[in-house]
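**Q** For reference, the chains in residue letters:
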Amino acid sequence: MRVTTFLAARAARTHRRAWAAVFAALAVTSLLLGALALALASAGLGHPRVARYAAAPLVVAGDQHTRFTATPWGSRPRTAEAGLTERVRVPAAALGVVRKVPGVRAAVADAVFPVGRAGRAAVGRPWTAARLAPRAVRDGRAPRRAHEVVVGGAARIGARTVLRVRGADTAYTVVGVADGPRDAVYFTDGEARRLAGHPGSLDAIGVLARPGVATEELAARVRAALDAAGARSVGPRADGDAAGLRVLTGNGRGAAEFLDAGPARVGLLELLGSVAATVVLTALLVVSSTVVQALRQRAGELGLLRAVGATPRQVRGAVGKEVGRVAVGAALVGAVGAVPAYLALRGVLDARGALPAGLELPLPPWLWSAPLAGAAVTVLMARLAALFAGAGAAKLRPAEALREAAPGTARKVTGLVLLLAGVSSAGTATLQSGAAAGAAAGAAAVTMVSACALLGPWIADGAMRVLGAPLRRYWGPAGHLAAANCRAAARRSGASLTPVVLVTAFIGVQLSAGATLTHAGAAQAREALRAGLAVRADGGLPAGAVERIRGVRGVRAATDVVPGTVVLARRETGEPRLDRLPVLGVTPQRLTRTLDPGVREGTVRHLRPGTVAVGADRARSLGLRPGATVTLRFGDGAPARLRVVAVYERSLALGDFLFSRDELLRHGARPDGARVLVTLAPGGDRTALAAALAAAVPGVRVETSPAPVRVAAEDQTLTEVVTMAAVSVIGGFTVIAVLSTLSLIAVGRRPELRLLRLAGAGRRTLRRMLRLEAAALALTGLAVGAAVATVPLLAFSLGVARTVPHLPPVPAVVIVAVVAATTSTGTLLPARAVLRGRYPGSGAAGG
Amino acid sequence: MFRRRQGAVTAPAERAVAEGVSDALTLEGVGREYRRGAVALHPVDLAVPRGRFLAVMGPSGSGKSTLLQCAAGLDRPTAGTVRIGGTDVSALSEAALTRLRRERVGFVFQAHHLVPSLTVAENVALPLLLGGTTGPERVRQGLADVGLGERGAAAPAELSGGQCQRVAVARALVTGPDIVFADEPTGSLDPAAAHDVLVLLRRAVDRDGHTVVMVTHDPAAAAWTDEALFLAGGRVVGSVTSPEVAQVSRIMRVLGRGEGADPDGGGARVVGGRHAGSDGGRAA
Chain A
1 MRVTTFLAAR AARTHRRAWA AVFAALAVTS LLLGALALAL ASAGLGHPRV
51 ARYAAAPLVV AGDQHTRFTA TPWGSRPRTA EAGLTERVRV PAAALGVVRK
101 VPGVRAAVAD AVFPVGRAGR AAVGRPWTAA RLAPRAVRDG RAPRRAHEVV
151 VGGAARIGAR TVLRVRGADT AYTVVGVADG PRDAVYFTDG EARRLAGHPG
201 SLDAIGVLAR PGVATEELAA RVRAALDAAG ARSVGPRADG DAAGLRVLTG
251 NGRGAAEFLD AGPARVGLLE LLGSVAATVV LTALLVVSST VVQALRQRAG
301 ELGLLRAVGA TPRQVRGAVG KEVGRVAVGA ALVGAVGAVP AYLALRGVLD
351 ARGALPAGLE LPLPPWLWSA PLAGAAVTVL MARLAALFAG AGAAKLRPAE
401 ALREAAPGTA RKVTGLVLLL AGVSSAGTAT LQSGAAAGAA AGAAAVTMVS
451 ACALLGPWIA DGAMRVLGAP LRRYWGPAGH LAAANCRAAA RRSGASLTPV
501 VLVTAFIGVQ LSAGATLTHA GAAQAREALR AGLAVRADGG LPAGAVERIR
551 GVRGVRAATD VVPGTVVLAR RETGEPRLDR LPVLGVTPQR LTRTLDPGVR
601 EGTVRHLRPG TVAVGADRAR SLGLRPGATV TLRFGDGAPA RLRVVAVYER
651 SLALGDFLFS RDELLRHGAR PDGARVLVTL APGGDRTALA AALAAAVPGV
701 RVETSPAPVR VAAEDQTLTE VVTMAAVSVI GGFTVIAVLS TLSLIAVGRR
751 PELRLLRLAG AGRRTLRRML RLEAAALALT GLAVGAAVAT VPLLAFSLGV
801 ARTVPHLPPV PAVVIVAVVA ATTSTGTLLP ARAVLRGRYP GSGAAGG
Chain B
1 MFRRRQGAVT APAERAVAEG VSDALTLEGV GREYRRGAVA LHPVDLAVPR
51 GRFLAVMGPS GSGKSTLLQC AAGLDRPTAG TVRIGGTDVS ALSEAALTRL
101 RRERVGFVFQ AHHLVPSLTV AENVALPLLL GGTTGPERVR QGLADVGLGE
151 RGAAAPAELS GGQCQRVAVA RALVTGPDIV FADEPTGSLD PAAAHDVLVL
201 LRRAVDRDGH TVVMVTHDPA AAAWTDEALF LAGGRVVGSV TSPEVAQVSR
251 IMRVLGRGEG ADPDGGGARV VGGRHAGSDG GRAA
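Sequence lines, in order, name chains A and B.
Oh and the first sequence: position 632 is 632 in the working numbering, straight run, nothing missing.
Oh and the second sequence: position 241 is 241 in the working numbering, straight run, nothing missing.
Take these hints with a grain of salt, some might be off.
As the list claims (entries may be wrong) - Quick list of the computed label-pair ranges, beta carbon to beta carbon:
| hint | chain 1 | residue 1 | chain 2 | residue 2 | range |
| --- | --- | --- | --- | --- | --- |
| 1 | B | Gly161 | A | Gly732 | 58 to 64 Å |
| 2 | B | Glu150 | A | Arg750 | 42 to 48 Å |
| 3 | B | Asp45 | A | Arg750 | 45 to 51 Å |
Claimed, not checked - Negatives, chain A to chain B, calculated, CB over 10 Å:
| hint | residue |
| --- | --- |
| 4 | Arg76 |
| 5 | Gly176 |
| 6 | Arg600 |
What the hints assert, rightly or not - From the derived model, a few chain A residues whose C-beta atoms are all more than 10 Å from chain B:
| hint | residue |
| --- | --- |
| 7 | Ala231 |
| 8 | Gly309 |
| 9 | Ala310 |
| 10 | Pro312 |
| 11 | Val333 |
| 12 | Gly574 |
| 13 | Arg625 |
| 14 | Arg686 |
| 15 | Leu828 |
The hints are simulated quantities; they were obtained by calculation from the structure and are not laboratory data.
No residue lacks a Cβ here, since even glycine has one placed at the ideal position from N, Cα and C.
Only chain A is shown next, with the shape it has when bound in the complex (with noise of 0.2 Å):
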């Protein structure tokens, strides 16, 4: 297949100009798959940060996962598994054990809880613990009684502070500074076991080795004398999920301390694949259709080397051989720039605090060769895309490849089946959720974009049939030639309507998806607030605050509002799965007067632990009404079966789920998220009223003006912005594609564009031709992209927000006119060329 070769290497570099377009299509696919390939593999090497237990080689914590096992039909049984962002305890009993291990220089217990000191959020832990950081006073002394405290930041030696641990104030001395972080309260043992407020349990033990131990062989005595001694974590577990101690090293420590890390990491690496999966499917619908557009150009000299004698095979491989020239050199280009992409998608995360502090995604210096695997799939994806146009070239007589044969049938039923299963798959988004529903909108999008792709030619001719009597009748010859230019070449015309409907539909579904939850969620969260005042403290509300508010005058009710997590395990198709749901836990009297869910069936009135509301729709997914029980998870693993007493409509706002708030204290929710929302009495004076409840509750905060109630999981900002950092970044994509389509066929039309010109057409005219051209293509691209978009969009719309799509009119009016601008740019400028100058010229010798 030498020849292949030698036919390859001239044909690439006579005819660089028409691969310029697909360079640049490859170039940013491997651009964009190699940034996400360094996205990928850094989140794959990504830990929780090690920073509390830095200097102590192991740690003993309690297990941070839940699982569930289900057998699907036919196959053997299956775990999913999930990270649970709420402490799970170690027992007290386990120190004993681990102490008496050969080779255990020290076994510390640690405790961590919630402290308020003047106003602000801070941690409190036992001195004793500070040692496996390791912390050291700077100044002044470790505290030895009961009312002395070690603090972070900056204090004064011998200051009285005042510290509010679990709503009781007390008073305390500081007698020491240490280093480390400012919000930490260092007290001694004692103290700090009685303010934890978890009577025999521990939330982690640091074990020091004595030296000459090595760490694994110690991980390996610890683990066998814990399981010797049968230790567990505490707490009920749910059936089949076994929860023991882990012995922790390493780059482990670190979820022992920062425990929504881990959940965060694999949230994440979930996300990025999704969005590789578009970008792999909108790239080969791109890049498949620039490779096309351009070997068709080809087409007479390819039937010419299969007339002087040479094979299918020979044609072939010259052809691929030819894009794949092309191919690695875009691919190469593509991958050195994936590297400050990346940097860039990094700077915009830590900027908009989208990754969990404790999280570290690490770049080691071989991780930077990631791009290559980006530059590989990219070159791959060009391999087939020129195996499928050269497929079309090599056909068995040459007289047919050089015939412009009309698309065949084969063509046209692909695309109706492609067209039927985008729209089926669109239908599957309604039994999704959430971020689910909207990756299967978009993917549904991409489908019937490709099934658009396949049935370009004929929805050309149908747009023409509608368009081509106002073009005749109005625009003079200039319509004349435009319309029949559009007719004539239908293949060509179908090509070039491929990226505009691409950019249109992409765009619309992934803006307006988005755009409508949000859009439905504000609306139900405005509609649920009926309070006109909110009391919070960072450092924690006093024990007691609801009741003394609601002792107020003028105060006609108020609500603690808690948020918290529970983990839902279901069955999905057969499969387990678990979901981790954000949700709330609140005071049930007079609840409807300051948070309204919108009770549908039942009452809140009597929700109390042991006793849930739900959300309408997850209420008809797992058919519950009133009365009926249901089984979940708590945020700390401990299952529960609660009886359903309400159902209610605002789940988009307030959560699948609505519990009792001592019920999610209980289960380790933090309490100083609580927030106090408070309703006037009719005639109340809401200043008058924020005074009072100031002085009634001292060291709080009252808002008079409250941010609607939402519940937001703990990676929706991170969700968000590589959702728009996506967006971005493949909208750009497809609008680069629409350049290099249209471009590369205006390029193969200037021998016809400049006969024109001989014939006798004017320039005035035939710029007004390609005006109305380029104008009948972005009103038929932006129709059809609209209808393909509508169809997936109202199936997720109506199946998660219950509403029509939203699309707010400033994203619609860009997208329009991007569209206008690209489609008049791509098929203009490259005629320039042709239309300049009075004279037209010949064109080139033995053209």
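Following the hints, put chain B in place on chain A, whose structure we already have.
**A** This is chain B only, laid out in the frame that chain A set:
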């Protein structure tokens, strides 16, 4: 740059003696029909003996290009058999047919003559390259024969239309084919360039014993051939040996007006089916 085999290329006359066949091309009931019943070519019988220069003529839509493509193995006839040098083309596999096209058939197009990314010499050598053989001496000789010996390293874009066509003729002849098919080779050339190309084709027949089948609508080109075959409406309507320009012009005018019209006198009898002999002798 890469290794090529040295291959043996034999002259057509020697091959004919070796194989014992006399006809370069035989068509038996060859017809071509498209989907939806449009008939481009009604069944035709034709035998072209070796060393013959045949012109296939007719107005547009008469099926002459279809006849050429079926005969050259570029298109598949829907009826009948095509034999090139005695080999049944329709019985060949795709690979064998391609090899046949490469080694035993030469083809000259009206447009798309040359591959723009290769030099002139590489274009002439293309059939050899595709077959994995080499023949630098033959290439040089072929270029010298068409009068472009010094332009071997030029790119096709630097040559005029006539020069490109001469290179195409050199390429068609480089493998010493049994038969050369030319589809309107002088169609886009000025009279001087056309003259040069026809001289080359004539010399290929007279000096080297090649067989050439040329589709043309130009009576001046037909005057160079040994025999002119006329088609109209997808059927063979007659033939003239040793055609003259005026005679051919007259016949083409008649055919262009439509079948069945009375000729102005002289010329061939209009007969359907087999090709018939002329009314004898040259007209003055």
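**Q** Hint numbers the structure violates, sorted upward?
**A** Checked against the structure, the hints that fail are numbers 1, 2, 8, 9, 10, while the rest are satisfied.
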